[in-house]
Amino acid sequence: MELVHGLRALLAAHKWTTVFLIWEDRGDVAYYRAICRNFQTSEALRAEVEVISVIFNSASPATDFAGLLGQASAASRVTVVGSYPYLTTVPAIEAAAELVNRKYFPYLSVNISVLITPQFYDCDLYADNVANLAARNFYKRTLSTNAIQVFIGPTCVPEALNVATLMSGSVGTDSRLSNKRAFPTTITSSATHHTVLVQGFRALLATYNWTTLFLICDDHGDVSYYRAICRNLQIPQALGAAVRVKSVTFDSASSGINVGALLGQAAAASRVVFLSMQMPLTRRFLVHAKRSNMVTSDYVYICSWPGLSPSFPEMRWRMGDDNDTDDASEAFRQLFIVSFDSNRRLPQEDEIFTRRRSSIAYNYTYGETEQVLNESLSQGGGDLTDAQTLTRRFFNRTFTVPTGSVYINENGDRFPNLAVLHFDPQTESAEAVLKYEAATMVVSAVNDTVIRWISGQPPSGMPGKCGFDGKSCGDGGSLVDLWAALGTIIVLLFGVLTFRRVLEYATTLDRWWLLTEQDLVARIHNSIVYVY
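All residue numbers for the sequence shown refer to the UniProt record's numbering, where the first residue is 1 and numbers rise by one.
Each hint should be verified, as a subset may be incorrect.
Claimed, not checked - No farther apart than 30 Å at their CA atoms in a straight line, the calculated lysine-lysine pairs in the DSSO-like style are these: (1) K435 with K246; (2) K471 with K246; (3) K246 with K465.
Keep in mind that the hints were calculated from the coordinates and are not lab data.
Using the sequences and the accompanying hints, generate a full structural model.
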């Protein structure tokens with residue numbers, strides 16, 4: 001840190017406001033890598049100092065030293081202001097910047113400026129700092145001529161709304177950001193999107209004709225992803241007018257979670273249960289459900305997993321504890337895991353680069369700018385400084401990137417596909433059995449896979465004759481008996497009346513000889529009548 005303070009004082013003494021770092025990233029030069037990382041930390045060299053960097057590996061025989069020096073005078077310079085979790089995403093952003101610099105230098109040079117320090121590794125930990133840091137960066141740093149600033153914001157904080165109007169960039173998945181009148185320079189390119197999750201879940205329910213859903217929601221402060229899911233699914237008619245949604249909340253940080261009581265509330269209201277909580281806690285609920293006879297062919301449990309990261313451990317039924325029994329294995333047979341399609345692989349060169357930068361798994365999601373940059377640069381590069389025009393080049397297009405295809409809809413929102421995972425009891429692993437295409441909003445099977453339900457058939461999701469809680473037989477039976485008795489009485493009365501009419505008619509036909517009073521009237525002439 002003394003070196004940082006010394007350089008900071010030197011820059012201040014000479015009123016230098018731009019520093020260009022040529023950064024060696026070979027594994028055995030940790031000292032120099034640490035220097036560059038410290039210089040890149042937010043405002044390490046004062047807020048008004050613009051730090052630009054380029055990375056190279058001196059062990060590579062193809063290192064272009066002249067090219068590295070020439071990047072300092074590139075025609076257009078892009079500063080990417082990153083505020084994502086430091087360990088999981090900064091390496092991917094650096095890899096993307098390196099890819100662009102290799103392809104477009106000397107016409108374009110990309111620099112990374114990291115606002116968030118390493119200790120803010122989780123969205124919820126730095127949620128209160130994002131807007132302030134980004135705003136200070138925007139207003140206090142003086143950019144050079146032809147410089148462009150792109151803000152890559154977090155996916156989980158509403159404070160990103162305060163920044164989105166300032167810069168072009170990719171900010172969050174809040175549905176309000178889809179209002180392009182308010183945020184004309186924003187693109188949502190996150191690999192997760194809650195709007196897609198709701199739409200995909202709605203399509204999944206419709207596929208199986210499930211019309212009753214019960215949510216068990218963890219409402220603890222550090223599980224914003226799962227809290228957002230429950231909030232969205234609780235919106236009236238979010239899953240369709242025919243779907244009834246009930247829910248219960250709990251706090252996973254509390255000392256005693258009554259799992260049995262929570263599952264009991266679910267069983268009394270539905271057979272389709274959504275467990276909105278972290279994967280290890282979901283496993284605990286499933287094992288308890290199995291031991292409570294709540295994992296039968298009537299039940300289906302659903303959870304969501306956004307993807308592999310330190311904040312979201314993957315779902316496994318074996319975790320090296322006392323619950324590694326047949327109960328856990330059997331419980332997982334009635335489980336669907338709704339996840340965002342992350343079946344993507346980088347080219348080997350980029351994967352080696354990013355793995356060298358960090359051993360933590362990441363999701364590389366920013367390569368889709370390459371096609372737009374090609375178009376903008378071919379037309380003179382004017383669009384690069386017009387955030388609104390540049391942003392609209394992404395709308396309603398599918399981009400082919402190193403990791404696969406990325407669809408940006410007509411409103412500038414990246415709608416990732418969903419994968420529905422199911423555990424195969426033979427392989428003891430989760431495999432994709434269904435997929436949801438965001439562009440077409442259709443659920444389809446994956447490669448003719450077979451879902452191994454306990455009974456061989458998916459749960460109906462419908463209540464039995466006594467309701468979900470099994471207590472509706474008494475009241476319902478009395479009412480049925482009353483109507484049945486009333487109906488019987490009506491039928492008997494109708495039968496008696498009909499029988500009487502028939503009997504009277506038959507009797508009349510049988511007494512043909514009986515004379516009535518009219519038959520005994522004799523008429524001698526018109527004025528005299530004798531009655532006998």
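Taking the hints in turn, this is what the structure says about them:
1. With a C-alpha separation of about 26 Å, the suggested pairing of K435 with K246 holds against the 30 Å cut-off.
2. For the suggested pair K471 and K246, the alpha carbons sit about 18 Å apart, so the restraint of at most 30 Å is met.
3. Pair hint K246 plus K465 holds up; C-alpha atoms about 21 Å apart against a cutoff of 30 Å.
Hint violations for this structure: none, all hints satisfied.
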